[in-house]
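*Asks:* Listed below are the residues making up each chain.
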Amino acid sequence: MSNLQSIQHEFLNYLLEKPSAIANTIISDDVSADQRLGLYADAYKLRLKEAMMTDYEQLHAYLGDEMFDQLMESYISRYPSNKESLRYFSQKLPNILKVDQPWSQAVELSELAVIEKTFCDSFDAADGELVTLAMLSQVPLDDWPTLRIKFHDSVQELSMTTNSFQIWKALSEDAVPPAVEKNTTHWVIWRNDLVSRYIVITDVQASAIKMMMAGSSFSDLCESFLEYYDEEQTPQQAVGILQSWISHGMICELLTE
Amino acid sequence: MTRPFLGFGLGLRTEHYQYVLENKPDIDWFEIISENYMVPGGKPLDYLDKIRAEYPMVMHGVSLSIGSTDVINKPYLSRLKQLAERVEPNWISDHLCWTSVDHTNSHDLLPLPYNEETIEHVVERITQAQDFLGRQILLENLSSYVTYKNSEMNEWEFLNEIAVRSDCHILLDINNIFVSAHNHHFDPLDYINGIARDRVMQFHLAGHSYNGSMIIDTHDHNVCDPVWDLYATALKRFGAVSTMIERDDNIPAFQELESELRIAENIAKTVLMPKELELGDVKITGAA
Chain E
-6 MSNLQSIQHE FLNYLLEKPS AIANTIISDD VSADQRLGLY ADAYKLRLKE AMMTDYEQLH
54 AYLGDEMFDQ LMESYISRYP SNKESLRYFS QKLPNILKVD QPWSQAVELS ELAVIEKTFC
114 DSFDAADGEL VTLAMLSQVP LDDWPTLRIK FHDSVQELSM TTNSFQIWKA LSEDAVPPAV
174 EKNTTHWVIW RNDLVSRYIV ITDVQASAIK MMMAGSSFSD LCESFLEYYD EEQTPQQAVG
234 ILQSWISHGM ICELLTE
Chain D
200 MTRPFLGFGL GLRTEHYQYV LENKPDIDWF EIISENYMVP GGKPLDYLDK IRAEYPMVMH
260 GVSLSIGSTD VINKPYLSRL KQLAERVEPN WISDHLCWTS VDHTNSHDLL PLPYNEETIE
320 HVVERITQAQ DFLGRQILLE NLSSYVTYKN SEMNEWEFLN EIAVRSDCHI LLDINNIFVS
380 AHNHHFDPLD YINGIARDRV MQFHLAGHSY NGSMIIDTHD HNVCDPVWDL YATALKRFGA
440 VSTMIERDDN IPAFQELESE LRIAENIAKT VLMPKELELG DVKITGAA
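Protein sequence lines, in the order shown, are assigned to chains E and D. Per the working numbering, numbering of the first sequence is gapless, rising by one per residue and ending at 250. Per the working numbering, numbering of the second sequence is gapless, rising by one per residue and ending at 487.
No lab work stands behind these hints, which were simulated from the structure alone. This one's a predicted model, so the numbers in the text were calculated from it and none came from an experiment. One or more of the hints may lead you astray.
As the list claims (entries may be wrong) - Okay, the calculated beta carbon distance ranges per label pair:
# : chain 1 : residue 1 : chain 2 : residue 2 : range
1 : E       : T195      : D       : G333      : 51 to 57 Å
2 : D       : E253      : E       : P95       : 50 to 56 Å
3 : E       : V193      : D       : Y409      : 47 to 53 Å
4 : E       : R71       : D       : S458      : 57 to 63 Å
Unchecked claim - Subject to a maximum C-alpha distance of 20 Å in a straight line, what follows is the list of computed DMTMM-like cross-link-like pairs (lysine to aspartate or glutamate):
#  : chain 1 : residue 1 : chain 2 : residue 2
5  : E       : K42       : D       : D307
6  : D       : K242      : E       : D146
7  : E       : K38       : D       : D447
8  : D       : K435      : D       : D389
9  : D       : K249      : E       : E122
10 : E       : K38       : D       : D448
11 : D       : K249      : E       : D120
12 : D       : K242      : E       : D186
13 : E       : K11       : D       : D307
14 : E       : K85       : E       : D62
15 : E       : K11       : D       : D448
16 : E       : K38       : D       : D301
17 : E       : K42       : D       : D448
18 : E       : K42       : D       : D419
19 : D       : K348      : E       : D22
20 : D       : K348      : E       : E122
21 : D       : K348      : E       : D23
22 : E       : K38       : D       : D307
23 : D       : K223      : D       : E455
24 : E       : K11       : E       : D27
25 : D       : K348      : E       : D186
26 : E       : K42       : D       : D447
27 : D       : K482      : D       : E464
28 : D       : K242      : E       : D120
29 : D       : K249      : E       : D186
30 : E       : K38       : D       : E459
31 : E       : K76       : D       : D269
32 : D       : K242      : E       : E122
33 : E       : K76       : D       : D307
To be verified - Sample of chain D residues with no beta-carbon within 10 Å of chain E, all distances over it, derived:
#  : residue
34 : R212
35 : K280
36 : L332
37 : D386
38 : V481
Ideal Cβ placement from N, Cα and C applies to all residues, glycine included.
Here chain E stands alone, though its shape is the one from the complex:
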């Protein structure tokens, strides 16, 4: 290992609070090497915490300063950043909250984190030209059975097992959040006209959006709708849901074979 490699390796260990010999390589004068290095260690942690506080503002409000700080400390020590941009540093947080004790005991924590992460991801997801209702009406009749769609990259469907969305909404309005309740709901978050949006959707709509995102065709969609509607209603309902997604600005492409 070269001197430079060794210095960088030891410096990084110091920042990560691992055993490090970096202080031996630094000049102490009126300010000691440890004091000087401490400025970097403090800045390292502060910067990562600021990024997490920005990305998970409502989770922070829900947990309070002390518990959120514990969460940040634990996350920072276990998942050092391997990305160039702080924007992506805390992307693993929802999953950590879902599987790690003690956080996993309160399901709404992971769900709140998912909501905030999804808004972040939707905010700067790739742009795309939107399909219009007129374009849908021009699809030849023969192409309808095999018709597939491409959603805008910002569109994400979220299935929640608690009233986490209501908790998130209350927190974001600086209101007192409701008590946690078991409550299965489905939501869509997306961006339209550069603004992030969200709506609550039904079980049927959630199942439809999942299918079509996974690449199913219009005829697959109709078949799945037979579970909920009679044969006469089914095509009309399936066309209706496509129209609704288009009206909301969620669809980028109509793919015909």
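Mind docking chain D on chain E? Use the hints.
*Replies:* Showing chain D alone in chain E's frame:
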């Protein structure tokens, strides 16, 4: 020998997007933080394109990690190049530092030891980066808080040597010189007088904070008087150099930064002749 002179600019910050678009303030150019726009789409890139259509821009990165002992980060360079194709900046800059090693990012600008081993290592990597990007880059001097025992030269000798050997340019941060001079007990004038005239392409100005006996480069205050004095000295040595003010925290209204930028412009008008401050290519005078 000449250098392009863009005039007086500001760092583009999200807080000011709307104001800039609605008011088209009289600013010569903007500097963007490259990483903030390395995203797939949405508002950041939308505002970037709209503001770029009105103003010249330069790109300033924080993650090139040119001094790292990891393999050079080609995926990052690709994203940087792709952004440059979109922005068409007058130039691209980053810092003479390392930010990541062992594939772990510190998100900080960490100092290098000033010695021959580091020079050879960094020059090789700058060459790779410049070849990949197809252009010369600018590297900025840091504010630093530590000095390595195995440093063999002053920071300005190190910076000069790297710029000359790799044929890159220098983004001279006047505030960083002031901060590091205080923290490491050297004379900031020695630094300014030690930098090659023909390598300097841009100046940064910023504010800082005191932490006990150390000064920290926080970019959260106005530029202080001693830094303005140092700026005047730098103008006398280097002539007209594109100048911008960085503000990253405690960000005030745009008009306040604009007023601060006018201070820089007025100092330049006092130190230099009107002809020297005409935008475009300016002649570099005096010995290197």
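*Asks:* State for each hint whether it applies.
*Replies:* Hints versus structure:
1. E:T195 - D:G333: 51 to 57 Å: Since T195 (chain E) and G333 (chain D) have Cβ atoms about 53 Å apart, the given range 51 to 57 Å holds.
2. D:E253 - E:P95: 50 to 56 Å: holds, 52 Å
3. E:V193 - D:Y409: 47 to 53 Å: With a Cβ separation near 52 Å, V193 (chain E) and Y409 (chain D) satisfy 47 to 53 Å, so the hint holds.
4. E:R71 - D:S458: 57 to 63 Å: violated, 46 Å
5. E:K42 - D:D307: holds, 14 Å
6. D:K242 - E:D146: Holds, because 14 Å separates the two Cα atoms, which is no more than 20 Å.
7. E:K38 - D:D447: Answer holds: K38 (chain E) to D447 (chain D) is near 18 Å, not above 20 Å.
8. D:K435 - D:D389: holds, 14 Å
9. D:K249 - E:E122: holds, 18 Å
10. E:K38 - D:D448: Cα-Cα ~17 Å, so holds.
11. D:K249 - E:D120: Distance ~15 Å between K249 (chain D) and D120 (chain E) Cα, so the pair holds.
12. D:K242 - E:D186: It holds: about 9 Å lies between the C-alpha atoms, which stays within 20 Å.
13. E:K11 - D:D307: holds, 18 Å
14. E:K85 - E:D62: Holds. K85 (chain E) to D62 (chain E) sits at ~16 Å (cutoff 20 Å).
15. E:K11 - D:D448: Violated: K11 (chain E) and D448 (chain D) sit about 30 Å apart, past 20 Å.
16. E:K38 - D:D301: Distance ~18 Å between K38 (chain E) and D301 (chain D) Cα, so the pair holds.
17. E:K42 - D:D448: Roughly 15 Å separates the two Cα atoms, so the pair holds.
18. E:K42 - D:D419: Between K42 (chain E) and D419 (chain D) the Cα gap is close to 18 Å, so the pair holds against 20 Å.
19. D:K348 - E:D22: Within the cut-off at roughly 12 Å; holds.
20. D:K348 - E:E122: violated, 57 Å
21. D:K348 - E:D23: holds, 15 Å
22. E:K38 - D:D307: The hint holds at about 10 Å.
23. D:K223 - D:E455: holds, 15 Å
24. E:K11 - E:D27: Roughly 14 Å between the alpha carbons, so the hint for K11 (chain E) and D27 (chain E) holds.
25. D:K348 - E:D186: violated, 55 Å
26. E:K42 - D:D447: Between K42 (chain E) and D447 (chain D) the Cα gap is close to 16 Å, so the pair holds against 20 Å.
27. D:K482 - D:E464: Cα-Cα ~19 Å, so holds.
28. D:K242 - E:D120: Judged against 20 Å, a Cα distance of about 10 Å means the pair holds.
29. D:K249 - E:D186: holds, 15 Å
30. E:K38 - D:E459: violated, 31 Å
31. E:K76 - D:D269: The given pair, whose Cα atoms are some 14 Å apart, holds under the 20 Å limit.
32. D:K242 - E:E122: holds, 15 Å
33. E:K76 - D:D307: With Cα atoms ~13 Å apart, K76 (chain E) and D307 (chain D) stay inside 20 Å; holds.
34. R212: holds, 14 Å
35. K280: holds, 14 Å
36. L332: At about 16 Å from chain E, L332 (chain D) clears the 10 Å cut-off, so the statement holds.
37. D386: holds, 16 Å
38. V481: At roughly 34 Å from the nearest Cβ of chain E, V481 (chain D) sits farther out than 10 Å, so the non-interface label holds.
Hints 4, 15, 20, 25 and 30 from the list above are not met by this structure, while the remaining hints are.
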